[in-house]
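Enquirer: Read off the chains here:
Protein chains: 2
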Amino acid sequence: MVELRRITPVILSGGSGTRLWPLSRAGKPKQLLSLTQDETMLQLTARRTVDSDRFAAPIIVANARHAAMIAEQLAAVGAGGATVILEPAARNTAPAIALAALHAAPDALLLVMPSDHVIADVDAFLAAVDATAPVVEQGWLATFGITPDAPEIGYGYIRAGAEIAPGVRRVERFVEKPDRATAEAYLAEGCYAWNGGIFLFRADAYLAALDAHAPAIVAAARAAMAAARTDGNEIRPDAAAFALSPDDSVDYAVMERAERVVVAPVEMGWSDVGSWDALHDLADKDAAGNVHHGSVIAIDTSGCLIRSDGPVVAAVGVSDLIIIATKDAVLVLPRGSSQDVKRAIAALKRDGHVTLDH
Amino acid sequence: MVELRRITPVILSGGSGTRLWPLSRAGKPKQLLSLTQDETMLQLTARRTVDSDRFAAPIIVANARHAAMIAEQLAAVGAGGATVILEPAARNTAPAIALAALHAAPDALLLVMPSDHVIADVDAFLAAVDATAPVVEQGWLATFGITPDAPEIGYGYIRAGAEIAPGVRRVERFVEKPDRATAEAYLAEGCYAWNGGIFLFRADAYLAALDAHAPAIVAAARAAMAAARTDGNEIRPDAAAFALSPDDSVDYAVMERAERVVVAPVEMGWSDVGSWDALHDLADKDAAGNVHHGSVIAIDTSGCLIRSDGPVVAAVGVSDLIIIATKDAVLVLPRGSSQDVKRAIAALKRDGHVTLDH
Chain A
1 MVELRRITPV
11 ILSGGSGTRL
21 WPLSRAGKPK
31 QLLSLTQDET
41 MLQLTARRTV
51 DSDRFAAPII
61 VANARHAAMI
71 AEQLAAVGAG
81 GATVILEPAA
91 RNTAPAIALA
101 ALHAAPDALL
111 LVMPSDHVIA
121 DVDAFLAAVD
131 ATAPVVEQGW
141 LATFGITPDA
151 PEIGYGYIRA
161 GAEIAPGVRR
171 VERFVEKPDR
181 ATAEAYLAEG
191 CYAWNGGIFL
201 FRADAYLAAL
211 DAHAPAIVAA
221 ARAAMAAART
231 DGNEIRPDAA
241 AFALSPDDSV
251 DYAVMERAER
261 VVVAPVEMGW
271 SDVGSWDALH
281 DLADKDAAGN
291 VHHGSVIAID
301 TSGCLIRSDG
311 PVVAAVGVSD
321 LIIIATKDAV
331 LVLPRGSSQD
341 VKRAIAALKR
351 DGHVTLDH
Chain B
1 MVELRRITPV
11 ILSGGSGTRL
21 WPLSRAGKPK
31 QLLSLTQDET
41 MLQLTARRTV
51 DSDRFAAPII
61 VANARHAAMI
71 AEQLAAVGAG
81 GATVILEPAA
91 RNTAPAIALA
101 ALHAAPDALL
111 LVMPSDHVIA
121 DVDAFLAAVD
131 ATAPVVEQGW
141 LATFGITPDA
151 PEIGYGYIRA
161 GAEIAPGVRR
171 VERFVEKPDR
181 ATAEAYLAEG
191 CYAWNGGIFL
201 FRADAYLAAL
211 DAHAPAIVAA
221 ARAAMAAART
231 DGNEIRPDAA
241 AFALSPDDSV
251 DYAVMERAER
261 VVVAPVEMGW
271 SDVGSWDALH
281 DLADKDAAGN
291 VHHGSVIAID
301 TSGCLIRSDG
311 PVVAAVGVSD
321 LIIIATKDAV
331 LVLPRGSSQD
341 VKRAIAALKR
351 DGHVTLDH
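Read top to bottom, the protein sequences are chains A and B.
Per the working numbering, the very first residue in the first sequence carries number 1; after that it's consecutive.
Per the working numbering, the very first residue in the second sequence carries number 1; after that it's consecutive.
The set of hints was computed from the structure by calculation and includes no laboratory data.
Errors might be hidden in some of the hints.
Some chain A residues well away from chain B (every beta-carbon gap over 10 Å; in silico) [claimed, not checked]:
hint, residue
1, 33
2, 37
3, 52
4, 64
5, 139
6, 153
7, 189
8, 236
9, 238
10, 277
11, 317
12, 328
Stretch-level coverage of chain A by chain B, calculated; a stretch enters the list once three of its residues show a Cβ under 8 Å from a Cβ in chain B [said to hold, decoys possible]:
hint, region
13, 53-59
14, 348-354
For clarity, every value in this text was computed on a predicted model and none was experimentally measured.
Ideal Cβ placement from N, Cα and C applies to all residues, glycine included.
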């Protein structure tokens with residue numbers, strides 16, 4: 001049996017997602033916002049790992065720009081002992097995890113988690129981690145597969161093969177985001193899971209896989225960590241060295257190429273909170289299906305998500321709208337079409353609007 | 001023939017309308033906003049009377065709180081020579097006009113106009129003024145009746161009787177805002193006009209009518225003007241004296257009670273811009289029926305009025321919505337229901353929101 005306290009949570013906070021614009025900005029992205037509860041997504045993620053019987057102190061890999069906010073948010077949930085690796089540039093997840101793996105002990109089990117996902121059933125998640133750890137201990141790379149409940153076209157899928165331990169199956173293949181018909185076929189077939197971006201592997205196994213499949217990434221990460229500056233819990237990898245790393249995801253660089261890869265399918269009330277629609281789905285609603293947050297006057301509304309982090313929003317007689325207001329930007333679109341925020345963002349970029357960034 | 005240059009425009013700027021909230025506020029109400037064009041409603045109204053062949057310098061009766069904005073706006077349209085009577089308190093239109101009448105020469109013809117109405121066909125308006133002036137010269141009180149083009153239930157109506165001069169008819173009676181069926185009957189009957197709140201009368205005739213029908217108003221106005229402070233073009237009636245005036249409209253206090261009252265029906269592209277819907281109706285629209293103003297990103301929208309005087313507003317895939325944004329408040333409601341802004345305002349009042357006032 002693996003000694004569970006050797007599991008080191010690695011929380012990836014490098015995203016600057018715009019799918020929740022106008023609330024999410026490069027200067028304060030989704031993971032640093034309070035969306036589903038009073039605590040931020042990062043805080044909720046860190047809190048999941050504040051368990052010294054089970055977990056070592058976490059490693060957060062984050063954008064250097066957010067250092068102060070992150071330190072403050074972690075301290076507020078008793079995770080002030082976390083190591084924070086501050087990326088001098090964004091190079092996607094494969095290099096970010098490499099930095100953490102190089103900092104950790106070689107035999108540490110790294111539980112890699114995005115900082116902005118909801119896991120409603122933490123017990124189910126931890127049970128899957130427990131089931132997967134012995135396999136990972138032997139050098140396998142594990143991904144946690146989200147059991148689909150709908151034919152989603154926004155996620156990559158994993159086809160699970162033979163079970164090699166209870167609840168742990170060999171990955172037969174990763175598949176790209178499917179079209180609708182394919183997604184429906186996957187759902188019907190039953191042996192597919194969504195790729196949720198949550199991983200468990202030994203630090204040395206991950207680095208070995210990088211050496212084999214993405215040597216330029218691990219070389220850049222090694223050089224960056226060798227020349228890193230450390231200040232208390234904060235590690236600042238060398239910028240010039242890290243800048244040489246290719247930009248690639250852990251999925252493409254490692255998981256889809258490595259030999260010994262397993263998937264642990266799990267039902268754990270997972271959501272990547274990847275859109276305003278997803279947030280409406282997750283939230284508690286009033287009798288008319290509304291979700292209101294902040295300074296909102298809503299009269300005769302139904303099925304709406306109305307949120308203000310700035311001006312008072314008064315809505316009368318509207319249905320199935322998403323209305324998000326901040327002090328410098330307001331988004332209005334029909335519920336069910338919140339992916340269209342990217343069209344608004346494209347137009348804002350074209351016009352040079354600063355509301356995308358600060 | 002009357003000497004037209006004896007006509008003194010009296011522009012009433014005392015309103016603090018909330019029907020165009022959140023743009024219109026007590027601190028900067030509708031008449032001081034640019035709504036239909038780059039110039040404000042007050043500026044457009046004043047500009048109508050900048051014609052020294054036809055008009056004497058106008059008298060503006062306004063809320064003392066707006067003195068600086070009014071002086072600036074008038075100067076910008078070449079009406080800096082206007083007399084501005086700054087009301088120390090709001091007492092409705094009858095006392096406001098009394099102040100102007102007491103300032104004017106007794107035989108001046110006062111052309112009383114709200115400061116926040118649109119008149120698209122100024123030539124038609126001036127022709128009606130010309131037709132009415134000789135009758136008014138003889139002591140009649142005249143109102144300009146807006147020829148109805150729809151069974152509006154939001155206006156009072158005037159039933160016109162016998163013609164006593166070309167285009168000028170005796171008022172048979174004033175009627176309150178009708179219900180729908182009554183409004184339709186009025187429209188079908190053809191001898192009704194909307195009461196648009198635009199008047200022409202001699203100063204002495206108006207004061208005599210006030211003496212007869214509302215003596216407390218004229219007494220308070222006389223006392224307030226007798227003790228007024230004058231500073232350049234600005235007249236500040238005495239606050240304590242004016243506070244004693246009853247609060248009443250010119251319609252109720254005078255027009256509906258006086259004996260010799262005429263109406264000049266006129267088609268002049270009039271609108272009181274009394275709602276966001278009215279503003280959408282008035283404005284130039286794009287091919288999809290949208291009216292956009294300010295910092296607005298609109299994609300796949302149709303039939304919308306979207307206006308921002310503050311944050312950028314991004315709307316995608318919405319139809320027939322009114323979206324009005326300012327730096328501290330956002331209003332969203334379906335087009336056609338903009339009267340519901342009053343329900344939002346009632347809720348805001350209940351919650352003590354400051355966005356109603358400043």
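Enquirer: Next step is simple, just say for each hint if it's right about the structure.
Expert: Going through the hints against the structure:
1. Distance check on residue 33 of chain A: its Cβ is at least 18 Å (rounded) from any Cβ of chain B, clearing the 10 Å threshold; non-interface status holds.
2. At the 10 Å boundary, the C-beta of residue 37 of chain A stays outside the reach of chain B, the nearest C-beta of that chain being 24 Å off.
3. In this structure residue 52 of chain A is separated from chain B by more than 10 Å, as the shortest Cβ-Cβ distance comes to about 45 Å.
4. No beta-carbon of chain B comes within 10 Å of the beta-carbon of residue 64 of chain A; the shortest separation is about 28 Å.
5. Non-interface status of residue 139 of chain A relative to chain B is upheld: no Cβ of that chain comes within 10 Å, the nearest being about 48 Å off.
6. Distance to chain B confirms residue 153 of chain A as a non-interface residue, since its nearest Cβ pair spans about 19 Å, more than 10 Å.
7. Every Cβ of chain B is farther than 10 Å from the Cβ of residue 189 of chain A; the closest lies at roughly 34 Å, confirming the non-interface assignment.
8. The Cβ of residue 236 of chain A lies farther than 10 Å from every Cβ of chain B, with a closest approach of about 35 Å, so its non-interface assignment holds.
9. Every CB of chain B is more than 10 Å from the CB of residue 238 of chain A (nearest about 38 Å), matching its label as outside the interface.
10. Every Cβ of chain B is farther than 10 Å from the Cβ of residue 277 of chain A; the closest lies at roughly 13 Å, confirming the non-interface assignment.
11. In this structure residue 317 of chain A is not separated from chain B by more than 10 Å, as the shortest Cβ-Cβ distance comes to only about 5 Å.
12. Consistency note on residue 328 of chain A: stated as away from chain B, yet its beta-carbon is not over 10 Å from all of that chain's, at 5 Å minimum.
13. Here's how the region 53-59 of chain A fares: 0 of its residues keep a CB closer than 8 Å to some CB of chain B, so the rule of at least three is not met and the hint is violated.
14. Using a Cβ-Cβ cut-off of 8 Å, 3 residues of the region 348-354 of chain A lie near chain B, which meets the minimum of three, so the contact claim holds.
In this structure, the earlier hints numbered 11, 12, 13 are contradicted, and the remaining ones agree with it.
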